[in-house]
Structures are given as C-alpha cells and as structure tokens.
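Using the UniProt record's numbering, you'd call the opening residue of the sequence shown number 1 and step up by one each time.
It should be emphasised that the hints constitute simulated quantities derived from the structure, not laboratory data. Among the hints, erroneous ones may be present.
What the hints assert, rightly or not - Think about it this way: if two alpha-carbon atoms lie no more than 20 Å apart in a straight line, the pair counts; the simulated PhoX-like pairs of lysine-lysine are:
1. 70 - 33
2. 301 - 291
3. 261 - 281
Claimed, not checked - The calculated label-pair distances, taken between Cβ atoms and stated as ranges, are:
4. 302 - 363: 27 to 37 Å
5. 54 - 330: 45 to 55 Å
6. 76 - 190: 17 to 27 Å
7. 65 - 29: 16 to 26 Å
8. 320 - 47: 19 to 29 Å
9. 317 - 258: 16 to 26 Å
10. 84 - 203: 45 to 55 Å
11. 67 - 320: 16 to 26 Å
12. 87 - 206: 30 to 40 Å
The beta carbon of each residue, even a glycine, is placed where N, CA and C say it ideally should be.
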Amino acid sequence: MRMMNTKFMLSLVAAAVTASTFSAQAAQEDGVKFGGSVRANYHWVDDKDTSADKGGEFKFDVVTAKVSAKQGDFGLEAEYRFTGSDDFLKYGYGYYNINPDMQLQLGVAMVPFGNPNVASNSWWMSIGYYMGFEEDYDTGVKLVYKKNGWATDIAYFNGAEYSANVYKKYAGDIATGEVGGNEYHNEERNQFNLRQTYTVEHHGGSTTFGGSVQYGQLYNSLTNNSGDRHAFALHMSTNYQGWNFTAQAISYEFDAADAQKGTEHMIAFAQGGSLLETADKGQLYTFNVAKTIATDFGSVKLYNDFNVMTPDVEDESFKNSYQNVTGAAITAGPTYSSIDLSFGKNMWGSSLAASGIGLNDGVNEWDARINVNVGYYF
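Sequences and hints are given; from them, build the entire structure.
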C-alpha cells in the first residue's frame, strides 16, 4: 500500500509552470484567460523486482486547469489539478494592485519562504518541498512589494489549504493521522512569513540574495494545546550567460505540544495523498547548477540538483537524507518535457527502504530511479 501511495505522491510533482509573478500580473491586460496542461509520465525503479522486470511504467500523470482574470487593479489567479487518483486545488487567490510596486493577495497563495518560486530544476523538486519549504500554498493574506531590485513579502496564513486530516496536498503540510505505528494530532495554525531579497543586475545576467523567516503555531487537536514552530533560510540564485547556480540553507524546528510516546522527536507531513515522518529539528541544504541552451525548436536545460537533510537529533534512529538528480528539461513549442536520473539515500520517495526523511532506514545505500515527464501546455 505504501508503494502505491508513493507513486501517487510522485505523480503530483510534475514540473509545471509556476504561478504568475507579481510583475507579470501587473502587466496583464484586463480580461479572462484560461490555460492548463496534460501530462504523461514514465517511471523506472532499480528495485530488481517489479519495476525493473517490467521495464518501468508509463501512465497518465495529471491534467491542470488554470484561470487568470483581471479588471482594473483587481484580479484572480487559480489552478486546479486532476490526477488518476484525486483532484485538488493547487492555488487560488484574489489580488489588488495597491500601486505599481505593491500587491495584496488573499486566498490560497504561495508561502514566501526560500528562493522565490522554486528551489529546484527537476521533476522531483527538493527535499524541502516534501516538508513545506518549497512552492507551498496556504490560506491567508500576503503583501508583495517590488522596486529597484528590492522585493519584500509579508504574509499571514491561518492554516493549510485543506484540513490536517486531508492528505491531497501539492506540497507538504503538517498533518494529523497514523503512520509507522505512530499517531500525530498536529495542525498548522497562525503562521507568519517574511522574505527579503535584493537583485543585482550585472554583465551577462543577475544575482538575487535573500533571507526568509517563518514562525507559526502547532496546534494539537487531541489536547487543544499548542506548541510552536520556526524556520530560517538564507538563499541566493545567480544567472550568467545561460548558467544558473542556486544555493540555500534552511534551519527549522517543530516543538509539538503533548507528543505521543515514541514521537517526541518526530513530526508528520501530508503530501500527495500520503503521510510521512521526519525529524522535528534539522537543517536542509540545496546546491543546484543548470545551463540553458537555445535551440531551433526551443531550448534545452541541463541541470544537477543536490540536497541533503541533516536531522538535529542525537539518536541512532535518525540519519541524513540525500537526493541528487541529474536531468534535462526540453521546451519545444507548447510542450515541456523532463528527463531525470535520481539517486536517493535514506530519502522517502527516492530510496526503496526509506519510510521518512531523516529517519534511519537501516540500509544506507543509494537507489536509482529514472523519470520522464512529457506535457502539453495550452
């Protein structure tokens, strides 16, 4: 059953065009625009058992439906997704352009934390994605300011886009439920975010430096008591003549109230229809390099994404999780395809024996997976 859930989780991580940036929204003409995509996915696992013997699996992945509307200084952005097993809202928010440099967003909006938009190139995203630190969307209000290279995001989120016992999440959210024989009763509540970045234009490209802070409540629905949680990030991304280098460091801690016996140093996340466990305190590091090459038919981006999670718990039950993905993204007309070779060690979704992130799977081996995702955008 866990393998089925893992495959479902992976199907949700299709490399899709992210939500429109503030500058793009501000320049949009009045009216309503509809769009979306249809994607298929091939997946092969070096398990020497089922997937490898069958030569992998090629299946339907996802259909997305997007709407973008604007009337004067008011607008709407939304995307809904349909997979083979479920359907869910990725994001959906209304906005008001206070002035050319400032926008107010209300609804299910992207959490401003870490590198703007996404901190990865591959279909697999980063480890932080599964823990709610990359391209996460929650319900609340956000103020976006951009001028002269400076970008400031201030946000308050009352909670996740769905309740804590609903697992059809795009990115990871703290959840309630049972996994690995352990019970969790935690919910994300009253979260505050602040992100500040500065972009320097230079010969051949630009470099963005930034920092992010996140603080929120960790509500226990069983005892009605609350703990807290916080995370900090330093991040940068530089572009030079088609090259891109991204680096990010995150430190986090989840201090849950009234944790069940055996879960004193763990927390549960919901993502893609499944629950996973991870250490309640640790660090995440990301190092990515990519080169985009223009072609007659579009472009080809070659990349390598490396990230590691280091649990800050002195217990042999916890161990570092690693993920490295080497791949290529090909754009041709309305199509976007990615070809990825991933290697995972002690990493949920990437390692065969791993049941979580930062938990010791007892194997200590690298596992290989190949994924090819093909999509048509309209």
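Violations among the numbered hints, reported as their numbers in ascending order: 5 and 11
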